[in-house]
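Whenever a hint applies, use it, and build me the whole structure from the sequences.
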Amino acid sequence: MLGWTVYISFISALGCFLCPSKRPDLSRHLALFATVISAFVALFCAASYTPIDGNPVVDVTKWNWIPSLGISYYLAADGISIVMVVLTGIASVAAVLFSWNIEDRANEFFGFFLILIGGVYGVFISFDLFLLFVFYEIAIIPKYFLIAIWGSTKKSYGAMKLVLYSFAGSSMALIGIMGAFIVSGGVSFDLNQLILHPYTPEFQEWAFPVTFIGFVILAGLWPFHTWAPTGHVAAPTGASMLLAGVVMKLGAYGALRVPMTLFPMGAAMWREELALLAGIGIVAGALVALVQNDFKFIIGYSSVSHMGFVLLGLLATTETGLNGAVLQMFSHGILAGLLFAVVGRMIYSRTHTRDINKLATMQLGRQFPFTAAVFLLASLASVGLPGFSGFVAELHVITGAWASYSYLALMAGTGVVIGVAYSMRALIRVFWSVDSDSNRPLQTTLPGLTIQEKAGATLLIITSLVVGIYPRLLLDIIAPSLQSPLLKPLLDQGNTL
Amino acid sequence: MTQLPWLSLIIWIPLITGILFLFFNTAKSKTARQFGMVVSSLVSVISTILWATATTENALGSYAERVTWIPTLGVDYSLSMDGLSGLMVLLTGLIMPFAYGASMGCLKAYKNETRYFGCLLIIQGSLLGVFTATNFFLWFCFYEISLVPAFFLIKIWGSAGKDRSSIRFFVYSMAGSIALLLGFLALAGATGSFEFDEIAAQSSAGNLADLIGSNLGWFDMPIGWLCALIFLLIFVGLAVKVPWVPLHGWLPETYDHAPSPVTMVLTGLMSKMGLYGLIRMGLPMMPYALPKLLTSLLVLTVFGIIYSAFAAMGQRSIKRMFAYSSINHLGYCMLGILSLGVVTNGDMNLEIQKSSVLGGVMLQMFAHGIIASVLFYFVNAMENRIGRKMLIDEHGGLRKVAPLMAGTMGLAVFASIGLPGLNGFVGEFLIFKGVFALVPWAACMAVAGLLITAVFLLRFLQVVFHGQVGESAAKFKDLSLMDTILVSPFIVIMVILGFFPHLLLSGLNPVINNIIRAMQF
Amino acid sequence: MEPLIHTTTYGDILRLTGPEWILVITALVVLAASFIRSTTSSAPCSTRTLTWISLAGTVLAGGVLLFNQPLGIVKGDVFFVSEGTRWVKLGILLLAALSLWLHLGTEKRLNHQGEFHALLLFAVVGMLLLVGADHLILVFIALELTALSLYVLTGFEKNKSISSQTAYKYFLIGSVSAALLLYGFSLIYGVSGHMHLTDIQLAIASKPADSLLALGLVMALAGFGFKIAAAPFHMWAPDVYQTAPTPVSSLIASASKVAGFFVLGRFLWGGFAGHAGSIQWTNWTSGWLPMLGLLACLSMLIGNLSALKQMNLRRLLAYSAVAHSGYALLGITSPEPLGPSSVSFYMLTYGISIVGMFGLLQILDQNGGAGDFKSLEGLRFKSGWMAACLMILILSMAGIPPMVGFLAKFNLFIAALKGSTEPMGLILLVVLALGASAVSLYYYLKILKTAFCTDQAEGDQSIQINTYQFTLVSFTVIGVIILGLFPGPILSRLTHAIGI
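Residue numbers (the numbering used here), protein chains in the order written: chain A, 1 to 497; chain B, 1 to 521; chain C, 1 to 500.
Don't take every hint at face value.
Below, in silico cross-link-like pairs of lysine-lysine (DSSO-like), each with a Cα-Cα straight-line distance of 27 Å or less [claimed, not checked]:
hint: 1; chain 1: C; residue 1: K374; chain 2: A; residue 2: K22
hint: 2; chain 1: C; residue 1: K446; chain 2: A; residue 2: K161
hint: 3; chain 1: B; residue 1: K292; chain 2: B; residue 2: K433
hint: 4; chain 1: C; residue 1: K309; chain 2: A; residue 2: K161
hint: 5; chain 1: C; residue 1: K158; chain 2: C; residue 2: K169
hint: 6; chain 1: A; residue 1: K154; chain 2: C; residue 2: K446
hint: 7; chain 1: C; residue 1: K374; chain 2: A; residue 2: K161
hint: 8; chain 1: C; residue 1: K449; chain 2: A; residue 2: K22
hint: 9; chain 1: C; residue 1: K449; chain 2: A; residue 2: K161
hint: 10; chain 1: C; residue 1: K309; chain 2: C; residue 2: K169
hint: 11; chain 1: C; residue 1: K449; chain 2: C; residue 2: K374
hint: 12; chain 1: A; residue 1: K154; chain 2: C; residue 2: K108
hint: 13; chain 1: B; residue 1: K477; chain 2: B; residue 2: K400
hint: 14; chain 1: C; residue 1: K449; chain 2: A; residue 2: K154
hint: 15; chain 1: C; residue 1: K169; chain 2: C; residue 2: K108
hint: 16; chain 1: C; residue 1: K374; chain 2: A; residue 2: K154
hint: 17; chain 1: A; residue 1: K62; chain 2: C; residue 2: K418
Chain A regions said to be covered by chain C (calculated; three or more residues, Cβ under 8 Å) [said to hold, decoys possible]:
hint: 18; region: 142-148
hint: 19; region: 161-169
hint: 20; region: 179-189
hint: 21; region: 372-384
It should be emphasised that the hints constitute simulated quantities derived from the structure, not laboratory data.
Backbone N, C-alpha and C define an ideal beta-carbon position, used for all residues, glycine too.
The structure is reproduced here in C-alpha cells:
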C-alpha cells in the first residue's frame with residue numbers, strides 16, 4: 001500500500017508531462033489530485049501501522065531486482081519512515097497549493113515536482129540501500145530544473161550549486177554504501193542483512209564520517225550548508241517549500257538510516273566533532289539570518305539553523321535525542337514550508353521584491369493581516385513556541401543533548417535566542433514597520449490572498465499545532481522504532497557515553 | 001473520578017473562548033464582549049471557590065489531575081493546587097475581570113475589540129495554567145502562550161511607541177524563557193523528571209548535586225559551579241519577567257505604551273509568574289548554588305531597589321512612575337527570595353525567620369498584584385478623562401473636582417507605601433523582619449528604598465490631588481458608578497487583609513513549611 | 001548449445017567465424033550493388049538500399065550468433081568463441097546496426113556509398129575478430145582492420161579540407177600507436193617466446209619481473225590506450241568526433257570501444273595476470289595495474305576537466321568519452337568474471353546512449369545547428385520529445401538512476417572494489433571516479449540547461465525529424481530506461497557467460 005505513494009507520484013508526473021502546456025489548469029489539478037491521494041495513502045498507512053511480532057520494520061514489497069548484485073526492490077517502513085512519509089504527504093499538498101500561480105510551462109513544473117516527490121517518498125520507504133540511493137538520486141535532478149527554469153535571483157547559479165553539492169554528497173554516501181556491501185561479503189544490499197555483519201572499528205572509523213557527511217550535506221551541516229540558502233532563494237516557492245521541507249530531511253534521514261545504523265562504533269568515535277559542527281551551524285545560521293536584508297535569505301539561513309537541531313539530536317545518540325531529531329524533521333518540514341510560502345508566494349509574488357527595507361514601506365501588515373499572523377505563528381513555532389511542534393521537538397533535542405554534550409545544549413539555546421531576534425526583526429520590518437503603523441491610507445493595493453494560499457497555510461499551521469499539542473501522535477510511532485534491531489547498537493553506543 | 005476536572009475547566013474555558021474570539025471578529029462585538037465578560041467572571045468565581053475549598057494539607061495539592069502526555073520525555077499533563085497556587089489563582093480571578101471591566105470603559109480606543117477581549121481571555125486561561133501546572137513542560141507551555149496575546153495587546157492596541165516596546169517586551173521575555181528552558185532542562189536531565197515535586201524531593205534529599213555531577217559532568221567543571229550556572233540560567237530567565245534590575249530594560253516603556261488595562265495584567269499578574277516560578281523552580285536549586293552567588297545577587301537586588309525608587313522619583317509620566325515603583329516593590333520580593341539562600345546550619349531561629357520571609361514574599365506578591373492593578377486602573381481612568389497620556393505635574397487639585405477618586409486612590413497609594421493597616425504593610429514587614437535577621441546589611445540598605453518610595457508617592461498625591469486646580473482639570477469627572485463598582489471590592493480587600501493577613505497566611509503555612517523544611521542546609 | 005569444437009578443418013573455422021563471414025559477404029554484396037545501382041539511377045534511393053542491405057547482413061550475423069553459433073577454439077588458440085564473446089559480439093552488432101540505422105536517417109548524401117558501407121562493415125568484422133582473438137598477431141591484424149577502415153571513413157567527406165585533415169591526423173596518431181603496439185608485442189614475444197596469451201602466461205609465470213617485458217607492456221598499453229582513447233593518448237578523439245560523418249563517429253564511440261576494452265581486459269588478465277602488481281592503497285607493488293590505474297586517473301581527470309570548457313557538443317562528447325574510458329579502466333583492474341562483464345556491460349550501455357546522442361546531434365545539424373550549444377537553445381519548445389530524449393540520454397551518461405548509466409557505473413565500481421585481493425583496496429580510485437562524475441554533472445547539466453531553461457524565442461519552429469532518426473533516438477532512450485529498470489536478466493547472463 002505504502003508503495004503507491006511512489007507509484008502515484010511517478011505516474012502522475014508522466015501524466016503532467018503529457019498534459020498540453022497551454023492548459024496549466026489540467027496539470028495543476030492532476031498534481032493536486034496526486035499529492036492529495038498520496039497524502040491520504042500516507043496517512044492511512046500511518047494510522048494502520050502496527051509492528052508485526054514486535055519488529056517495527058514492516059515489509060511492503062520485496063522482489064529480487066538485480067540478483068547478481070544482491071539488490072532487491074525492498075520497500076518497507078518503520079515508524080521513522082512512516083513519520084517522514086506523512087510529512088512528505090502534507091508538505092507536498094501544501095506545496096502544490098502554493099504553486100497554483102505557475103502559468104508558464106505548468107505541465108513541466110508539476111511533472112518535475114511530482115518526480116521529486118516520488119523520489120522523496122521512495123527514499124523514506126526503501127530498506128535496500130541501493131534502492132534508497134536510486135531514489136535519493138532521482139530526487140536530485142528535478143530540483144535543478146525546478147530552480148533553473150522557474151526560479152528567481154541567480155537561478156542558474158543556485159540550481160547548479162545545489163545539484164553539485166547534492167551530487168557530491170550522494171557520491172560520498174555511495175562510497176559508504178558500497179563499502180558496507182563489499183566488506184560484508186558482497187551478498188546483499190538489504191539493510192536487515194547488512195547490519196548483521198560486524199564491521200571492524202578500523203573500517204567504521206573512516207566509513208562513518210564519509211557516509212555521514214555525504215548524507216548531511218543535503219541536511220545543511222555547517223560548513224557544507226552554503227548550497228542551502230542560495231538554492232532556497234533561487235527556487236520558486238513550491239520548490240523551496242519542498243527543498244527545505246522534505247529534501248533537507250532526506251539527508252538527515254539518510255544519515256540516520258545508513259551510517260548511524262550500520263556503523264554505530266564509527267558514530268561513537270566521531271559524534272562529538274560532528275555534533276560540534278551541528279552546534280556551530282545552529283548559531284552561525286541564526287547569526288547570518290540576523291543580518292540578511294533579503295527576506296528569503298533570512299528564512300534560508302534559519303533553515304540551516306533549524307536543521308542543526310536535527311543533526312544535534314541525531315548525534316546525541318540517545319533515545320530522547322533521536323526522538324527529537326525525527327520530530328524536528330517533521331516540525332521543520334511543516335514550518336519551513338510555511339515560511340517559504342509566506343515569503344515566496346504570499347509576499348514576493350505580489351510585491352516583486354524581497355528587500356525587507358523596501359517591503360517596510362508597503363504597509364503589508366495592514367494589507368495582509370492573515371499573512372502577518374501566519375508568519376508570526378510560523379516563525380515563532382519554528383523557534384519553539386509551546387503548543388506548536390517546534391517546541392516539543394527542540395525540547396527533546398536539547399534534553400537529549402544535555403545528557404551528551406551540555407555545552408552544545410547551551411549553544412543550541414543561544415541559537416534559539418538569536419532565532420527569536422531574527423524572526424522578530426523580519427516580522428517587524430516587513431509587516432509592522434513604522435511606515436505602515438501610521439493611520440495614513442494604503443499607498444498601494446496588492447492582490448488579495450487566494451483560497452489556495454489560505455488553505456495551504458491553514459493546513460500547515462493546524463498540522464504543526466496538532467503535533468505540538470499532542471506529540472504522541474508521532475512519538476507513539478517513532479519511539480518503538482528506536483528499539484528495533486536496526487538502531488539498538490547505536491543506542492547502546494550512546495548509553496556508554 | 002467523581003470530581004470534575006475543575007482546574008482544566010478554568011484553564012481551557014477562557015483559553016478556547018479567547019481563541020474563538022480571534023476568529024470571529026464579527027459586527028456583533030457587543031454581544032461577544034459581554035459574553036467574554038461573563039466567561040471571565042464565571043471562571044473567576046470558580047477560581048475563588050476552588051481557592052476557598054482547597055484542602056491545602058494534601059501533599060499533592062487539591063484538585064490534582066494527571067494524564068500521561070509525552071512519555072518519551074516523561075512529561076505529564078498534571079495540574080494541582082496547593083496554597084501558593086491557590087493564592088495566585090485567587091489573584092488571577094480577582095484581577096482579570098477587573099482588567100476586562102477597565103477595558104470596557106475605554107472601548108472607543110479599540111478597533112477589533114472582539115480580538116482584544118479574546119487576547120485577554122487567552123491570558124487569563126494561560127495564567128491559570130501557569131499557576132496550577134506541576135509539570136515544567138506544561139507550565140512552560142502556558143508561560144509562553146501568555147506571551148503571545150500580551151504581545152499583540154501591546155503591539156496593536158498600545159499607544160505611540162508601541163512597536164518598539166512590544167518587540168522589546170517580546171524579545172526580553174523570549175530570551176529569558178530560553179535561559180530558563182535551558183536551565184530547567186539541565187535539571188530535568190539530571191533528575192530525569194519534569195515534575196516540580198520530584199525535583200524538590202531530590203533537592204531536599206540532598207541528591208541534586210550528585211545527580212548533576214553524574215549525569216551532566218561537563219569537562220572538569222566543578223559541580224558547584226555547574227549548579228551555580230544552572231541556577232543562574234533559571235534565575236535570570238525568571239527574573240526578566242519580574243523584573244529584576246539589570247534585566248528590567250523592557251519594563252518602563254512597555255508598561256507605558258501598553259493599554260492601561262493590559263498594564264494592569266502585566267504588573268498585577270504576569271510579573272508574578274516570574275516570582276512564582278522562582279519559588280517553584282529556583283528554591284530547590286538554591287542550596288546547591290546560592291553560596292557562590294548570594295552576595296553578588298543581593299548587591300544587585302539592593303541596588304535595584306534603590307535605583308528603581310530614584311528612577312520613579314524622576315519620572316514625569318505617571319504610568320512610568322508606577323512602573324518603576326512596581327520594580328521597586330517586587331524588588332523586595334526578590335530580596336526576600338534570595339535571602340532564603342543564606343546558610344543557617346540548622347539554626348532554628350533563622351529557620352523561623354526564613355518562614356517569615358517566605359510568607360512575606362507571598363503576601364507581598366498578592367498585595368502588589370492588587371495594589372498595582374488598582375493604581376493602574378486609576379491611571380487608566382485619568383487618561384480616559386483627559387483623552388491622552390497624563391503627566392504628573394499637568395494637573396493639580398483634582399481632589400476638589402474628583403473627591404471620590406482622590407480618596408480611593410489615596411488609599412491605594414498608602415497601601416503601596418506600606419502603611420500599617422493596609423495590605424501592603426504586612427508583606428513588607430514580614431520580609432524586612434526576616435531579612436534583618438538573615439542578611440542585615442542588605443536589609444539596612446534596602447530600607448532606604450522604602451523611604452524614597454514614600455517620598456515620591458506622597459509627592460504624587462500632593463501634586464496631583466492637592467494644590468491649585470488647573471484650568472484643564474475643571475471638567476475632570478469623578479469616578480463613575482461603574483468605576484466605583486469595580487474598584488470598591490479591591491479597596492475593601494486592601495483594608496481587610498491589612499488587618500487580617502492570616503486569612504491568606506493560614507492557607508499558605510503548609511506550603512511555606514514544606515519549602516523551608518526542604519531547604520534546610 | 002552446440003558442443004565445443006576444437007578444430008583444424010576449414011569447415012569448422014567457417015562455422016566458428018560465421019558472423020564475420022556473413023558481414024564480409026554483405027560488404028562485398030554492397031560493393032557490387034553500389035556499382036549496379038549507380039549506373040541506373042541517382043544516388044539517394046540507392047544509398048538507402050545499400051544501408052538496408054548492410055543492416056540485413058548485420059541482423060543476419062546477429063541471428064546466426066544468437067541461434068546457430070557453435071562454441072569452440074581454433075586449433076592453436078588463435079581464435080575462440082565462448083559464451084562471453086558471443087554476447088559481446090551481439091552487443092557490437094547491435095551498436096553497429098544502430099549506427100547503420102543512423103546512416104539511414106542521414107539526409108546529407110556522400111559519394112561512394114558502396115565503399116562507405118563496405119568499409120563500415122569491414123570495421124565491424126575487425127571488431128568481431130578482435131573480441132575472439134587469443135593470439136597477438138590476430139589481435140594486431142583485427143585492430144588494424146578496424147583502424148584502417150575507420151581512418152578512411154573518418155575522411156570520407158573528402159571535399160571538406162577539415163575532414164581530410166582530421167583523417168590524416170587520426171591516421172598518423174593511429175599508425176604510431178600501431179607501431180608501438182607491434183613493438184610491444186614483439187618484445188613480449190621476445191621475452192616469453194610465445195604469441196598465445198595462455199602460453200605467454202605460462203611462460204612468464206615463473207620468471208621474475210623483466211625490464212624488457214615491462215617495456216613491452218608499456219608499449220602495448222600505450223597502443224591500446226590510443227584505441228580506446230584513454231588519456232594521455234586521446235588527442236585524436238575530439239577532432240574525429242567533430243568532423244567524421246555522424247554514423248562513423250557513433251561507431252567509433254560505441255562498438256569499437258566495446259571491442260577495444262574487451263580485448264584489453266583479456267590481453268592483460270589472460271597473458272599477464274602474474275605481473276599485475278597491485279594498486280591497493282595499503283599495498284603498492286609494481287606491475288601493469290599501476291599503469292592502468294594511472295591511465296584511468298588521467299582519463300577521468302583530463303576528460304572531465306577538458307569537457308568543462310568545450311563549446312562544441314561533439315568535442316564535449318569526445319572528452320566525456322575519454323572520461324568514460326577512465327571509469328571503464330577501473331573495471332579492467334578486476335579479473336574475470338566481474339571485470340570483463342562489468343566493463344562490457346558498461347561500454348555496451350554507454351554505446352547505446354552515445355549512439356542516441358549522435359542521432360540527436362544529427363537532427364540538430366540537419367536543422368541548421370552548428371553543433372555548438374546554441375543549436376540546443378529552445379529545444380524544449382521545438383520538440384518536447386527530443387528534449388526529453390536528450391535529458392534521459394544525458395542523465396544516463398552522467399550516471400543518474402534510474403537510467404542504466406548509473407547501474408553500469410555502479411556495477412563497475414563494485415567490480416573494482418570486489419576484484420582486488422583485499423576488499424575496498426581500490427577505494428581511492430573509486431573515490432576519484434565518483435568525484436570526477438560529480439564534476440561531469442556540471443557540463444551535462446549545462447547541456448540540459450541550454451535545452452530546457454532558455455526562454456521561448458520568437459520564431460522558433462518545430463524541428464524536422466525523419467522517421468529513422470525518431471525511431472533511433474526513441475529506441476536508445478527506451479533501451480536506456482528499460483535496461484536501467486530491469487538490468488537483472490542481461491547483467492546476470494553476461495556475468496554468467498563471461499564466467500564460463
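Hints violated by the structure (numbers, ascending): 12, 21
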